[in-house]
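Chain by chain, the residues:
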Amino acid sequence: MDNRFFVDGEHLSPSALEKKHRLETDPSSRTNHMEYMSGMEKISSDIMEKVLCEMESYDYTRYTAKDVKSALQHENCSVEDFKALLSPAAQPFLEQMAERARYETSKHFGNTVYMFTPLYIANYCENYCVYCGFNCYNNISRMKLNMEQIEHEMKIISDSGMEEILILTGESRAMSDIEYIGKACKLARKYFRMVGLEIYPVNTDEYKYLHECGADYVTVFQETYDSDRFSELHLLGHKRVYPYRFDAQERAILGGMRGVAFSALLGLSDFRKDALASALHVYYLQRKYPHAEMSLSCPRLRPIINNDKINPLDVGETQLCQIICAYRIFLPFVGITVSSRESESFRNGIVKIAATKVSAGVSTGIGDHESKYSGKETDGNQGDEQFEINDGRSLDVMYKDIENEGLQPVLNDYLYV
Amino acid sequence: MEDKFILGGHEFNSRFILGSGKYSLKLIESAVRDAGAEIITLAVRRANTKEQENILDYIPEGVTLLPNTSGARTAQEAVRIARLAREIGCGNFVKVEIMRDTKYLLPDNNETVKATEILANEGFVVLPYMYPDLYAARDLVNAGASAVMPLAAPIGSNKGLATREFIQILVDEIDLPVIVDAGIGRPSQACEAMEMGAAAIMANTALATAGDLPMMASAFKNAVEAGRKAYLSGLGRVLTRGASASDPLTGFLRD
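Keeping their order, the protein sequence lines are chains A and B. For the first sequence, counting from 1, position 215 maps to 215 in my numbering; every step adds exactly one. Add 417 to a position in the second sequence, counting from 1, and you land on the number used in my numbering.
Same shape as in the complex, but just chain A (with noise of 0.2 Å):
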């Protein structure tokens, strides 16, 4: 199960040339993938270990069609049912599977589907995650907007409707750090209702601090829970930390934020031990944080500049339509997020049964939105797209899309107290 990740760009000096050889090739020349760096926080926890020691028993060719049945028989839905849903067996019995999750979604959330729109800052990173179109070896133009140029994206994103946004940056702290991040987050509440972060982990202090700022959600993605992948895959950095990285989502929550967002990256690893990891991951925390919203997103690997090789592998539609389904019989109430990498039809097809956020007017560049809202040439310069979306539809056309189907699209559903 390998994808052709390695590309060496022309660019690269000879010495980097050597380095990132050697990083690929030597696992000896790396750094040990569990150790905490210097800075990194560590908190008590036990979440790790109870989802690693469940997700390394896993088993999923024990399961049969009986156990699978009687799973979706319970109106409960226990781990080990989540466990049959998730196995091969599961699979012939995706159309039941697929009513039951959307039974379990019209109870929790009627017929809503919430909309929202990331805002990429910087693509600046630190990091040599293989997969990934910013990673400090690839050659991209790179990018970080100021205040000024923010506040325009900003403007440009809200004068379209949407009224909740997720900030992202590449994970590079020298290029941008909390601070910086945080004045983002303090202009983007004069645009949007709700604020939103996916970047680099941090410490609670700073999560506190950036929550104090506006922003009330954060979104961490494992990527992969096997943590020996996880170590072949983020070769250099301080992402390469497996357990700072786990425990980000608690981190977030003991510094006060509404809300948590989880993920593995499918394609990188065993996705059906991934899927099982990211539910436990959930279910743990809510457990020991009640109060705490969670949701789950289900990306799958897309082609990135310089490397169009790079895709899902073993995790077609049917198998991702599979997990999502799962997600929701054994997590009802949490809320699910699909992707622009995601096509049309089967955004259109998934918000039916369980999906209940979609992104809509998506660039994953820097600095493009006018350009790509309005498709007027603009004379500033565009940083590089993180990877390549597939879903480009705008919020209008998205919205009367939810509401062609039957649904309710909703722009908020979120007040900050």
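If you're looking for bench data, these hints aren't it; they were derived computationally from the structure. Backbone N, C-alpha and C fix where the C-beta goes; we use that ideal spot for every residue, glycine too. Just to be clear, a hint being listed does not mean it is correct.
Take a look, some chain A residues computed to stay more than 10 Å from chain B by CB distance [to be verified]:
hint : residue
1    : Phe6
2    : Ala16
3    : His21
4    : Glu24
5    : Lys42
6    : Pro92
7    : Lys107
8    : Ile156
9    : Glu212
10   : Asp270
11   : Ile305
12   : Pro312
13   : Ser371
So, partial list: chain B residues that the calculated Cβ filter (under 8 Å) puts toward chain A [as the list claims (entries may be wrong)]:
hint : residue
14   : Gly438
15   : Ala489
16   : Arg497
17   : Thr626
In silico BS3-like cross-links for lysine-lysine, where the CA-CA straight-line distance does not exceed 25 Å [as the list claims (entries may be wrong)]:
hint : chain 1 : residue 1 : chain 2 : residue 2
18   : A       : Lys372    : A       : Lys400
19   : B       : Lys576    : A       : Lys107
20   : A       : Lys107    : B       : Lys520
21   : B       : Lys520    : A       : Lys288
22   : B       : Lys576    : B       : Lys520
Since the structure of chain A is provided, determine the placement of chain B on it from the hints.
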């Protein structure tokens, strides 16, 4: 016989309160009409939005708004949301709902009592959403609530009167209107709660998840009215154990 529903000094004819959170804004008007509802709840967090989809624009005239504090996790947050509701023109009614559990969305009675006291002192007509606990209900009365709103079952569960016995205790012991809220999944369950002496019913998911929302709204209207009439008429004798003896058991008494 005139049977008005009095809430915080206001008179209503309808005893069906409509929730608005889970269905399309465009259906609100027909839902209000077909349910005969005179009170409609709305989440302040949904109302506090830009023009594009402001729920306030969809509320028919003459309908009393009942803003709720959903999203509040503490008394303090609920108070802030209630004040905001008043500022944005939602009137003086407020349904206090405070939840610190995102899975079941069960109300926190302690925080609810605190918020009720503060808001009642500020002149709000406070309708607290609560878990049906007699002590908490008494505290809410003392805190200045205008009604109590016990849940029938976990919100959105459509499970009906899972807390039946405890709601009956509140109906019997509390001198305020008891409005059964949350968990009512069918008109028959709404009818049963009204037969028990509930003053009104509130529902949302049951309508939102119905195939034909306006028709379900009208079914609820009829059910609530039927239950109310049954309650007012004094329900007929229900024999729970065996048949009644034809000779009176106390026939031997001589004085």
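Violations among the numbered hints, reported as their numbers in ascending order: The structure conflicts with hint 7 only, although it agrees with all the remaining ones.
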